[in-house]
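Add chain B to chain A, keeping to what the hints say.
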Amino acid sequence: MLKFYLKGLFRDRARSLLPVIVVTIGVTLVVLANSWVTGVLEDMVVFNARFATGHVKIMSQAYYENRGQQPNDLALVGTSSFMDSLESQYPEMEWVERIQFGGLVDAPDENGETRAQGPGGGMAVDLLSEDSGEIERLNLEKAMVRGRIPQSPFEIILSEQFADKLEVEPGDQVTLISSTMYGAMSITNFTVSGTITFGTAALDRGGMVADISGIRQALDMTDATGEILGYFPSGEYDDPEAASFAAAFNEKYSNPQDEFSPVMATLREQSNMAGFLDLIDYFKGIIVTIFVVAMSIVLWNSGLLGALRRYGEMGLRMAIGEEKGHIYRSLIIEAVFIGLAGSVIGTLFGLFFSSLMARGIDISGMMQNSTMMMQGVMKAKITPLAYYIGFFPGLIATVLGTALAGFGIYKRQTAKLFKELQA
Amino acid sequence: MTHTIRIAAGLLLISFSAAAQPSGEEILERIDRNMSSESSYVKSRMIIHGPRTSRTIESETWAQGKSAFTEYLAPARERGTKMLKLEDQLWIFSPSSDRTIQLSGHLLRQSVMGSDLSYEDMMENPDLASKYDAVVVGSETVDDRECWVVEMHAKTEDVAYQKRKIWVDRQRYVPLREELYAKSGELLKQTELTDIQQHGSRWYPGKIVFKDMLKTGAGTEFIVDEISFDVDIPDYLFSKAALR
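Chains as they are written, first to last, in our numbering: chain A, 615 to 1037; chain B, 11 to 254.
If we strip away everything but chain B, and leave its shape as in the complex, we get:
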């Protein structure tokens, strides 16, 4: 009888712990629900810490589905530069040359305004669950928050990073740290997400520090000054006409 109780208790414990630890796919879906939205507006500052100087670039971004429109506000040299992303295509408008250039091929791997972010990073669809298979490989504490450590492997070849590792806040389902790897296993970028703020039912980072491991410099700080989710965005903003 005692033996049967022990087995039953053991099975119960296993089932409880299985319920407590969500699967990798479930974690990705929760992150997507938390971080993605139908539409959003972000006003941000990007502080780029180069090997010699630091520069601050201000911008506004409107995003809806797989489309996004960004206008740079400062510094003077970048003011008026606009970027439009429609599905998997990206255009950039330079007011000084009055030219709209479609970026493709190796240009997409260039740095955005000298930051640790590439245009390819900007092209990434924020929806993780549809692009990656995920496995929970452990749990660790980051910034005093209990996190799941999730390893993600790309389902297809058409993603910028074949392997990612994220530390996801167990309660808020927001990543607090991320490592991005090449197919060869080389670490390409590191990201730290801090100043987590609540926006309605969502948790969103107020500051993200990107570090391109192949570049010198102390990384790029992306500071969210204003953010709104599910906003109304006029359709014309997602057309090439809006660039000029």
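So here's chain A without its partners, still in its complex pose:
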């Protein structure tokens, strides 16, 4: 019987070709849209993880509660031994220390008097250790506009815009006026080693990057650090894994009675990332829903057109005694074959185009600055979900569309069909 239906579909192309093309196009678009949205949004998550949140981050409890203020007076202390302990207990993770700092950057004239001054915010990372992966992680080499990466503790990179505002060049001296860990004023000279573009407006206004050893001396943070960021060996953020890892760590190290005890937060728990991660899932849901609804309407329509074209056939089948229900079921079986064919072809096309886009589209040329810390390449990403996200909606939409169109059969009167046949 199935062979009979298949023969019917192959021999009557008008019955199968248009629905298969429609389903193929729809499924291709769903797979491609899913891969694209996943790729672009996950790249942003990766950027956040590298730049600010890590996959997990350890801070003191008090620092975590006031993290919006970058409160270095609440920093973790005794971090060299704590880092050793982390590295021995969790050797699979990569741990890095960071200090967020802010202050005024003062550019002197030839007499040492203030020539220009502006507020800035910066990040101190390990730039000098040979085994540090921070330069690569932060994409610093590619983001350099002028000069070079710091090679000594008291060298600093300013954002290109900030350097322009202060009218300083690589090699010039600037003074960072900030607060020490104990709240005292800190006045420290740095040499501008180079300038970069961050790629975000706020950071480009007054962003800085310096080596952590120099900032430690400037802010009187010997053996202290604001944040310890942890990265999974895969380089990918896995929310359930991060959550269970953080829960185990906090169980072991966190003491609610001691505001300076360490606490681990996952990427999701920081910087409104929870909403962002949820957004990725919402997007996928929205794409599938829109697809199923739109395709069902299109296929319903094409099913109605097909049924109109097959009025004579239906009339004849009913005239020779075939039941309405049997005709309806045969249409649904045909729709399943059409849906399967369209979904398979569409998924293959979608995966093919996604793999082409996985190499990325370079949008940096469209942006004002072509060198920046933020990724300038937008890439699609093929996840296991891509293999079936379009398949089932394609099948469901075809069957649903046919089922809606097929209701027309029940409204037909056998007598009327005979009259049509005679005509």
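The hints are simulated quantities; they were obtained by calculation from the structure and are not laboratory data.
Mixed in with the good hints there might be a few duds.
[As the list claims (entries may be wrong)] Covered by chain A, per the in silico footprint, the following chain B stretches (three or more residues, Cβ under 8 Å):
id	region
1	50-63
2	106-112
3	121-129
[Unchecked claim] Pair ranges (Cβ atoms, derived):
id	chain 1	residue 1	chain 2	residue 2	range
4	B	Q31	A	T836	55 to 63 Å
5	B	K193	A	G682	20 to 28 Å
6	B	G216	A	Q871	31 to 39 Å
7	B	S149	A	Y867	50 to 58 Å
Beta carbons are placed, not taken as given, at the ideal position from N, Cα and C, and that holds for glycine.
Frame of chain A, contents of chain B only:
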């Protein structure tokens, strides 16, 4: 006749009590006369009780009129740091960076060496009578001393605290407690002045405890180790050249 005597006695009592309670302005003038001088020299220790540790900072200050020069003596990290206040301008010299920076704007609200005092507090002119309107709102006992409770409201906008409340020793005219408020009415700082010592005709606190209500920590103790009033100070000390 009895009635007339009663009225006269009542009027006499009112006039006596009016004479016994000085006006707010009079109290401020007496405080200014007691605490301010043409010039002064103070060697002090500032013990800053932070949320984790306590630190002691030693300094010497020379003041004359609206000018002041401070040199930090200890700890090693702060040694050689100098501050110069001339009228309403403030400069700080950092020996490690060999830079002299003029502090202005929000920097003036930063804490001095991590203490509960801000640079803005240091910039304050000690002369209260010219800057505040004062009203005596009651009398209370502080540290077994009878005090006038005086509420002060700023005459102009250019002061660090729009409202202050002080408890002034009735006999010595030295404040024993002070509360500093923002314009909104929020309590910003509390000060306790203890170990009151006599220096000639003046009474001056030997220890002042400042507490910034917006900061964690147990406050900052300012201990006066040496103090001299009306001393001769060379003019060059109040010039930017003295910073280096």
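Hint check:
no.	hint	verdict
1	50-63	holds (count 5)
2	106-112	holds (count 7)
3	121-129	holds (count 5)
4	B:Q31 - A:T836: 55 to 63 Å	56 Å, holds
5	B:K193 - A:G682: 20 to 28 Å	25 Å, holds
6	B:G216 - A:Q871: 31 to 39 Å	37 Å, holds
7	B:S149 - A:Y867: 50 to 58 Å	54 Å, holds
Comparing the model with each numbered hint stated earlier shows that all of them hold.
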